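Chemist: Model the full assembly from the supplied sequences, consistent with the hints where possible.
Number of protein chains: 4
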Amino acid sequence: MCTALTLKTRNFYFGRTLDLDKSYSEEVVINPRKFCFYLRNGYTIKTHYAIIGTAYVKDNFPLYYDAVNEMGLCIAGLNFVNYAYYSKERESMINVAQFEFIPYLLSKCASVRQAEEELKNMNVTDTPFSADLPVADLHWIISDKEKSITVEYTREGVNIYDNHIGILTNNPPFDMQLFNLNNYINLTPEQPHNRFSENINLDLYSLGMGAIGLPGDCSSQSRFVRAAFNKLNSVTGEGETDGVNQFFHILGGVQFSRGCCKGVNDYEITVYTSCCDVEKGIYYYTTYENHMINAVKMHNVNLDDEELFRYPHIKSEQFNFQN
Amino acid sequence: MCTALTLKTRNFYFGRTLDLDKSYSEEVVINPRKFCFYLRNGYTIKTHYAIIGTAYVKDNFPLYYDAVNEMGLCIAGLNFVNYAYYSKERESMINVAQFEFIPYLLSKCASVRQAEEELKNMNVTDTPFSADLPVADLHWIISDKEKSITVEYTREGVNIYDNHIGILTNNPPFDMQLFNLNNYINLTPEQPHNRFSENINLDLYSLGMGAIGLPGDCSSQSRFVRAAFNKLNSVTGEGETDGVNQFFHILGGVQFSRGCCKGVNDYEITVYTSCCDVEKGIYYYTTYENHMINAVKMHNVNLDDEELFRYPHIKSEQFNFQN
Amino acid sequence: MCTALTLKTRNFYFGRTLDLDKSYSEEVVINPRKFCFYLRNGYTIKTHYAIIGTAYVKDNFPLYYDAVNEMGLCIAGLNFVNYAYYSKERESMINVAQFEFIPYLLSKCASVRQAEEELKNMNVTDTPFSADLPVADLHWIISDKEKSITVEYTREGVNIYDNHIGILTNNPPFDMQLFNLNNYINLTPEQPHNRFSENINLDLYSLGMGAIGLPGDCSSQSRFVRAAFNKLNSVTGEGETDGVNQFFHILGGVQFSRGCCKGVNDYEITVYTSCCDVEKGIYYYTTYENHMINAVKMHNVNLDDEELFRYPHIKSEQFNFQN
Amino acid sequence: MCTALTLKTRNFYFGRTLDLDKSYSEEVVINPRKFCFYLRNGYTIKTHYAIIGTAYVKDNFPLYYDAVNEMGLCIAGLNFVNYAYYSKERESMINVAQFEFIPYLLSKCASVRQAEEELKNMNVTDTPFSADLPVADLHWIISDKEKSITVEYTREGVNIYDNHIGILTNNPPFDMQLFNLNNYINLTPEQPHNRFSENINLDLYSLGMGAIGLPGDCSSQSRFVRAAFNKLNSVTGEGETDGVNQFFHILGGVQFSRGCCKGVNDYEITVYTSCCDVEKGIYYYTTYENHMINAVKMHNVNLDDEELFRYPHIKSEQFNFQN
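Protein chains in written order, with numbering that gives the first Met the number 0: chain A, 0 to 322; chain B, 0 to 322; chain C, 0 to 322; chain D, 0 to 322.
It is possible that part of the hints are untrue.
If several chains are the same, the list does not tell them apart, and a pair holds so long as it fits within one copy or across any two.
[What the hints assert, rightly or not] In silico DSSO-like cross-links for lysine-lysine, where the CA-CA straight-line distance does not exceed 27 Å:
| # | residue 1 | residue 2 |
| --- | --- | --- |
| 1 | 261 | 7 |
| 2 | 279 | 314 |
| 3 | 21 | 261 |
| 4 | 21 | 7 |
| 5 | 57 | 33 |
| 6 | 296 | 57 |
| 7 | 279 | 144 |
| 8 | 146 | 57 |
| 9 | 296 | 314 |
| 10 | 144 | 119 |
Because the hints were derived from the structure by calculation, they are not lab data. Bear in mind the structure is a predicted one, so any value in this text is a computation, not a measurement.
Modeler: Below you can see the structure in the form of structure tokens.
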């Protein structure tokens, strides 16, 4: 369960929530240009665009949840359980394991347009990372400051959607999520007037009544609608801090509070929330346990290095005592 | 527009959001025991319980939005527009101006029970603080770790409700807010089973579908329901930090993202969110512009002093750069 | 469970649904002017306005569910379980047993205004009709072509509400039902335009999307909203048949289909639906088992008679075979 | 705007509503076995299964809205605006004009299985009936007592869905309608218990609260859900009249009351509602203007005749006066 978001002010921001009932050892990982990617198809990518994002690092391989490269291309993978379907290897295509999807494309592509070209020859396979890490059912949002697309591999084939609202959650498939927005055509952030009937006086007893009907639960379709409403109506300043601040507010609207949603094993929480200032390569994030916004700067390390730079997520509340 | 909340773990927490389309100069204000309260009824309270809370200070008088005293009594005032009705002065009663309600009761009472006694002889008047500060339409939640009540002065008289869920928002009156919760009896944080019909297979395509129907807008009634669902199902650890963390998550579920709700002049935002650890007298808060949790400790000042201790709300994002 | 309705075209119509999980022996009963009402307070009403309505006749006493008198005054009693509270007899008032409420007022009053006067001196008692017919928990709508009121006796006393929308269902009390309509201020019978955001194109994929959010279940509050929407937006011709036809369509919108709502013993059904042309004294009705509209004309009997005229409800489908 | 429905008791019933803002001259039309169908592809069907249904007859051709043949095969065509897409003629296939879809299949097929076979070789063309009768955008439900399918021709090709719930309305495509039902998994016709939280007492203040969340508007998706809930939970006797009665009650739940939904030109109304006892060949219907159930019996005419038997819909209220 997750929500991905793009936001454009004078800057361009890309991020997501990760909602789970357990937490792995998430880290902000900077992948410098000369870190070798050993692909399962036998090839090795020796030099590539530098990448920053949150990953679970296993056997020195960054399993990215969401990441951005130095050219401004952004990808996040989100759960797509029961719909996602990956193939076996095919001879005529470039076989890319599902867990290589993000680093492969971010290594090679500088824009969504280039990624779209690359996808034409790609076959995403169901090769697991390892015996104890089975293949995750995912779909992806790929964005740059100009456009976003959603990529879904299903039993019926691949669907690549123009994602013009820059939002992705989970099930159902993206076209149905978009269609469902039509059902909220009556909602407005403005103070409404009486449309019920001119034969009765109704009372605007509260601000915000124009959005009555907006769903408040944490199911994937409801989060899609809520994120769309809050993003599409977002009002924010043009400063960098303004955008980061507002980004976390919009995603705050789709967070899981512990106890409100039972997962498979435990209650779902928003394990982390990220917001990358794409141009500057600054990766901001919060964790459920820590409201403060932490940040890692891609350009503060030597991007021509060969080893991963790793910054474990900070998972305890940092207070600022004023006295 | 606001939401007040209590939360009991091993500790007891009290706080609220303040949602407005503009911001005054909010400060955390510690009111030590010998700060003189000059009441409009002519009396002066020279010594009293020490108080901490957020206030707008005008002419050296702390106009508290929410506050807690050293005995553990807590009060927050929330908008109650068009319903609130305050009286003129009455001879046989203790006349307390509406803006004195919080400091008066917190000065004198150590518990909700004592406050209830005090309220019997109180007449809350519509005396404005000053010509440029007209009387606000408010109702109040008064809490200690044992119980909460809601106090509403209306044209029909005063209503004092047992507030056993420890939540208050705005209109309509509290009894109607409570009644409205009945309409959400079908909602559950658990994964639901099919109750629609045994003659059809339905698909749990997402976690969280048990709470479909939870309202997601920011009107006062919808925030009441959402806060109730998130609080009553809240799961949290027993540590002090756990409780503070969870408190801000629950109130995060009723925050206003800028743009989602048009107010009278501008878009409503959650100007600040507070959470007081009542026993320890630590007042935590965040502001819309700052996700970090700031804190002021009542017992870090000399509570026998005579002057206010003032800590202006911090209104800019504080980042923690990890590199 | 029931819904009462008034409708004004050039004519004035009054009627209701009766929703139960069982059926008594409902009959259309004309109560002529000289039928004696022996009241439990010892008085006997020997001559009175003639009355027509649906009743369960027990020991020659018409226990009316809804009725209209020859002067155009109309009353329907609807379930008000757990809220209704009737008193013991009081010396200084005219004691009227709960089951006498309708015939007493219709016997004496020619208008809502007269009924309001009468109510001032009335004490409605909890005297049961008989040992095997316990007191029903009811509230009432009293209407003439000029106005409607709702009368509710509760533990807190009697509340007489101006019922300017001419609708009554069941719980909660009438003022809360009216307040709840405010939550539907966004609904419209018109084709809506996009208010969600100008940053997205939404598709009006169906007619009727302006009313998305209208509740479709059969709980009393949802039926109130639905009846209000359908009545307040009703468009109908001015002919008598037009009005009757439309009246049954509006109440058709709040009918119970067998199986959709479990009652205490069995599934609730709309046992009957009535619509009285008040001026002409024609009482139209349908039953669950019979879609055809049956009718009884008050003025087709000798209204100066002394005995009840009884027309059992027709409870089997009457088909019109065209070949 | 329409809703089609199947219902199986001991008998099998098939019918629909037709919701429009205007009315053509609808008639029940019996098409005997030797009435010649002159197809636009040049062929003539000289003998065929007898058919009964509602049609608009133009130039002696029955433009069926819904119909049933003597073998028990049933088809209804419902609006599918903006989605429906019909082809030009194709050489290798049997070209059937869109308006010939119902009579063609009912002429030749005795079961859904046979219709499915026939559809494999059919090309549904956009040939209009005449210059003043442009092609309607339709999709179809095809049923017998064993199964139902939905057939949709779209720009992407033909989709034939197993329609196991026996309901069809309008947009969006059928698979999305089915998916949307998942969102109502919490609804129940039973009296619900409190699932909101064990930390609060909630009051079942009304019967029917288990279905709160059921949509009550007349958009096509909401009618689909409502019809599904009322049908799948339907409780009815086994007699023929019982089934007919209940069928009209279920479709009564998705009727349009005049004024509640603005169409293109005028307010939408449920022009007619039909229910065919498929085995007996009895076609029952009501019209907006007439609540009585009219009926035409297929087997009361000479089915070996060559000319249409036509029974114009009765469009005025037929009352049964009991005195």
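Chemist: Would you mind marking each hint as holding or not holding in the structure?
Modeler: Quick rundown of the hints versus the structure:
no.: 1; hint: 261 x 7; in the structure: between (34 Å within a copy, 21 Å between copies)
no.: 2; hint: 279 x 314; in the structure: both (25 Å within a copy, 24 Å between copies)
no.: 3; hint: 21 x 261; in the structure: within (12 Å within a copy, 37 Å between copies)
no.: 4; hint: 21 x 7; in the structure: between (31 Å within a copy, 24 Å between copies)
no.: 5; hint: 57 x 33; in the structure: within (18 Å within a copy, 61 Å between copies)
no.: 6; hint: 296 x 57; in the structure: within (22 Å within a copy, 43 Å between copies)
no.: 7; hint: 279 x 144; in the structure: within (13 Å within a copy, 48 Å between copies)
no.: 8; hint: 146 x 57; in the structure: neither (32 Å within a copy, 50 Å between copies)
no.: 9; hint: 296 x 314; in the structure: both (19 Å within a copy, 23 Å between copies)
no.: 10; hint: 144 x 119; in the structure: within (22 Å within a copy, 47 Å between copies)
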